[in-house]
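Engineer: Chain residues, written in single-letter form:
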Amino acid sequence: MPNIELQYFAQLQDEVGRAHERRHTSAPTAAALYDELRAAYGFALAPACMRVAINAAFAPWEQPLGEGDHVVFIPPVTGG
Amino acid sequence: MADAPVDISALRRALMVPEAGGFCSFEGWVRETNEGQTVSGIDYNAFVPLALTEGQAIVQEVKQRFAICRATAMHRTGYLPVGETAVWIGVSAAHRDAAFSACRYIIDEIKQRVPIWKKEHYASGEVGWVPCHTL
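Chains U and D supply the protein sequences, listed in that same order.
Under our numbering, read the first sequence as residues 55 to 134, first letter to last.
Under our numbering, read the second sequence as residues 668 to 802, first letter to last.
Any given hint might turn out to be false.
[Stated by the list, open to error] Label pairs and their computed distance ranges (CB to CB):
| # | chain 1 | residue 1 | chain 2 | residue 2 | range |
| --- | --- | --- | --- | --- | --- |
| 1 | U | E116 | D | V684 | 24 to 32 Å |
| 2 | D | A790 | U | P101 | 28 to 36 Å |
| 3 | D | E694 | U | P114 | 15 to 23 Å |
| 4 | U | E116 | D | A677 | 39 to 47 Å |
| 5 | U | F112 | D | E694 | 44 to 52 Å |
| 6 | U | H124 | D | D670 | 39 to 47 Å |
| 7 | D | R679 | U | A93 | 26 to 34 Å |
| 8 | U | F112 | D | D674 | 30 to 38 Å |
| 9 | U | F112 | D | A669 | 18 to 26 Å |
| 10 | D | D674 | U | P101 | 34 to 42 Å |
[As the list claims (entries may be wrong)] Covered by chain D, according to a simulated footprint, are these stretches of chain U (three or more residues, beta-carbon under 8 Å):
| # | stretch |
| --- | --- |
| 11 | 60-66 |
| 12 | 102-111 |
| 13 | 124-130 |
[Claimed, not checked] Derived contacts from chain D toward chain U, CB cut-off under 10 Å, selection only:
| # | residue |
| --- | --- |
| 14 | R679 |
| 15 | R680 |
| 16 | A687 |
| 17 | Y711 |
| 18 | F714 |
| 19 | A718 |
| 20 | T720 |
| 21 | K778 |
| 22 | Q779 |
| 23 | V781 |
| 24 | K785 |
| 25 | W796 |
Quick caveat, the hints were computed from the structure, so don't treat them as lab data.
Note that beta-carbon positions come from the ideal geometry of N, C-alpha and C, so glycine has one too.
Bound-form chain D, shown alone:
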């Protein structure tokens, strides 16, 4: 959990181990529209202690379920304008199947389980909590 921009190249470097044959990453950005409304930015609110333990549990799960080398995940908090990176997942593995699968698993589980909430700020000046999402 990070309240300021994170050096993505450093996160990537930490995944580079000799036994890995490649890595897969997913980067989530603040998009300019949602449900037909123009978005100027998103304020991410998180219950940080539980978000950290739940995030660490997800990373432990992928290490048990998939033949991967390293996995890491970062999520921002606070106000992010359109285009900013809100979430970054990276997984290195000997072979690509495990890297893709584990990366997908981590982002899907973050969206379902980790206590983080989006408050969208619209171009109209209005704000609103995103009700919920499963994908």
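Same shape as in the complex, but just chain U:
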């Protein structure tokens, strides 16, 4: 199972209770990983209103995950 580096922001960081996590997962894609985390932490946000960044670049939800990937789930942004 690959090791994934997760970084959490905004409400996801509050729900998890920390900003970083290294996780062994069998989730094949970012979408599957979000489902796994949502079940574990009870994230309120649905993936339909979010984006995902893999290795600091926006990526498709169905992108396969590889060993050491850095994954950030992006809640609706509210800058400005």
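Mind docking chain D on chain U? Use the hints.
Structural biologist: Here is chain D on its own, set in the frame of chain U:
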């Protein structure tokens, strides 16, 4: 992306080139109310590496779409009290139409695409993530 106050006059000076006939700027400030609640400040959380690349992509887009000379954008991170400048956009151009349009484009795209999140601190002592906004 800046975690401390930025010298706005220096940002403005960098836009002053001989071929420009003027510049347009937008400054976003922390406002004292939101949705009927009194706000004491806003904590800006950002995924900085992606915010930088996305911000640079937006600036490249305006250079292709509008007849402008220079464009720059700055966004703060961390806790800012009411009245503090959270975002600054500046665009210089030969003529005003392009400067206004490009400035508007940059702030609109920042609000839609750049991974920055506002956590509002209220006078009541409560805090809350702003759910989302499109304008």
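Engineer: Hints first: check each against the structure and report whether it holds.
Structural biologist: The hints, checked one at a time:
Range check, E116 (chain U) to V684 (chain D): about 45 Å between beta-carbon atoms, so the 24 to 32 Å window is missed. One distance hint, 28 to 36 Å for the beta-carbon pair A790 (chain D) and P101 (chain U), holds here, with the actual separation near 34 Å. At roughly 36 Å, the beta carbons of E694 (chain D) and P114 (chain U) sit outside the given window of 15 to 23 Å. In this structure, E116 (chain U) and A677 (chain D) meet the distance hint of 39 to 47 Å, their C-beta atoms being roughly 44 Å apart.
At about 28 Å, the CB distance of F112 (chain U) to E694 (chain D) disagrees with the hint of 44 to 52 Å. A hinted range of 39 to 47 Å for the beta carbons of H124 (chain U) and D670 (chain D) is inconsistent with their spacing of about 21 Å. A hinted range of 26 to 34 Å is violated for the C-beta pair R679 (chain D) and A93 (chain U), which are about 50 Å apart. Remark: the range hint 30 to 38 Å for F112 (chain U) to D674 (chain D) is upheld by a beta-carbon distance near 31 Å.
The given range of 18 to 26 Å is respected by F112 (chain U) and A669 (chain D), whose C-beta atoms sit roughly 23 Å from each other. The given range of 34 to 42 Å is respected by D674 (chain D) and P101 (chain U), whose C-beta atoms sit roughly 41 Å from each other. Proximity of the stretch 60-66 of chain U to chain D, defined as three or more residues with a beta carbon under 8 Å from a beta carbon of that chain, is established by the 4 residues found. Here the stretch 102-111 of chain U counts 4 residues with a CB under 8 Å from a CB of chain D, which clears the bar of 3, and the coverage holds.
For the stretch 124-130 of chain U, the proposed coverage by chain D is satisfied: 4 residues have a C-beta within less than 8 Å of a C-beta in that chain, meeting the threshold of three. Of the supplied interface hints, the one on R679 (chain D) is violated, with its beta-carbon coming no nearer than about 19 Å to a beta-carbon of chain U, more than 10 Å. Because the closest C-beta pair between R680 (chain D) and chain U is about 24 Å apart, greater than 10 Å, the hint is violated. Because the smallest distance between the Cβ of A687 (chain D) and any Cβ of chain U comes to about 25 Å, over 10 Å, the interface hint for this residue is violated.
A distance limit of 10 Å between C-beta atoms decides the matter here; for Y711 (chain D) the minimum to chain U is near 7 Å, and the interface restraint holds. For F714 (chain D), the interface hint holds, the least distance from its beta-carbon to any beta-carbon of chain U being 6 Å, beneath 10 Å. Hint status for A718 (chain D): holds, given a least beta-carbon distance of 8 Å to chain U, under 10 Å. Hint status for T720 (chain D) relative to chain U: holds, with the closest Cβ pair at about 7 Å, below 10 Å.
About 4 Å separates the beta-carbon of K778 (chain D) from the nearest beta-carbon of chain U, less than 10 Å, and the hint is met. Interface hint at Q779 (chain D): satisfied, since its Cβ lies 7 Å from the closest Cβ of chain U, which is below the 10 Å cut-off. A distance limit of 10 Å between C-beta atoms decides the matter here; for V781 (chain D) the minimum to chain U is near 5 Å, and the interface restraint holds. For K785 (chain D), the interface hint holds, since its Cβ comes within 10 Å of a Cβ in chain U; the closest pair sits about 5 Å apart.
With its C-beta approaching chain U no nearer than about 5 Å, W796 (chain D) sits inside the 10 Å limit, and its interface hint holds.
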